[in-house]
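All chains, please: the whole structure from these sequences, using the hints.
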Amino acid sequence: MKPLTVGLVFLFLICLFSVEDLFRFVEALGFLVGSVGDFVASDFVDLGEGGFEVECGEVEARLVDVGSGPSSVQVFGLDSQSSIVRFETVDVYVTTGALVGPATSLVPGVPGVKWLGLRFRFKPSDELVGKVEEAIGGFALVRSGVTGRVFDGSYNEEAVRDEVRTEVEVGLVRRFGELGGDSVLLLDGPVFPTPKVLTMGGNPYSELYWGLVRLRVEASRGLRVVGVVKRLGQSTYYARCRGFSVDDDSLIKNEVSRQFGNKPAYTAVVGPVKITAGDYGKYCWYVASRLGREVNVVRVEALDEDLAEYGAEVVARLAGSGGVPIPIGIADRVSRRLNGSVVKLLASLSPLRLTYEGLEEIGRSLRELGE
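Take 1 as the starting number for the sequence shown in my numbering and just add one per residue.
I should point out that these hints are in silico values taken from the structure, not numbers from a laboratory.
It cannot be assumed that every hint is accurate.
[Said to hold, decoys possible] 30 Å max Cα-Cα, derived DSS-like pairs, lysine-lysine:
#1 K274 x K230
#2 K230 x K114
#3 K253 x K230
#4 K253 x K196
In structure tokens form, the structure reads like this:
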């Protein structure tokens, strides 16, 4: 990206969110200059996909004519990008998001959405936590909005990232509800997650993740929200349906190749499968796109059975060369550029010194801006 374009990105970013809020956050970081505390190891949480109940209907596989279909439907794409900027006393989680389609909304930019998280790298005193929270003013997370626990050095890093990401994506789903009407929203990732920690009743993070599931379901209910899961190398839901001990990605590729042969290009949908986690259920189809020798597989999810099947057809017709729907690809590009801009701006204003890992994150952000 040319320097002028980078400058325009920064100008656009500054116009999106309050300069006052940014300075308040930087002021809060100032309270932490020279702060130290007892080091504590981060908790371990198993966030791999869990072994929840799977129901298989009359599983079918069929080709989709990608040249025809619902041309009149309006489709939005939603994606977020998360970075951890590590300073000497705290980790700052920056999550940006983009809702693109007939209308566009960005985070930062949607009022009331918390898109920053602050995790102390030690055990802070209640007084220090209170001072930081008061200075920030409520637009960033210093403690879990679900459990109320402070993000201290023992708090699992990925759990902080997942909570801030949920804040951003739920905020954009609600924004879609205001804009979308009868449109379809393609969300990068599951309509709600099913990590193994949900099954661990005595684990303190089980309550957190059930809370995140609830937030996502409540935001999506009544809307045409379709989740698109790209990484299936560790997923076994479809394989369990079929009675195989293999990952879903490999099994789907094998089945569509065997059924539809070695045509140079085709797109097929396979399903349905229902996954039930507690009181929540979601319906899934798989979309396999072949181009040349490469076959790309994604899982398409929705809370409603008919919407899941319809969403699979939409994803099949909008899949790019890598199998990812084009609206999600555009949202991914925008959210990455936005994230890089915020990270660069935050690092340049912060009174805290970056760690080596923090410097690496800045380098990654600059590369995002330069692409």
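Here's how the hints hold up against the structure:
| no. | hint | verdict |
| --- | --- | --- |
| 1 | K274 x K230 | 18 Å, holds |
| 2 | K230 x K114 | 26 Å, holds |
| 3 | K253 x K230 | 14 Å, holds |
| 4 | K253 x K196 | 25 Å, holds |
This entry satisfies every hint, going by the numbered hints stated previously.
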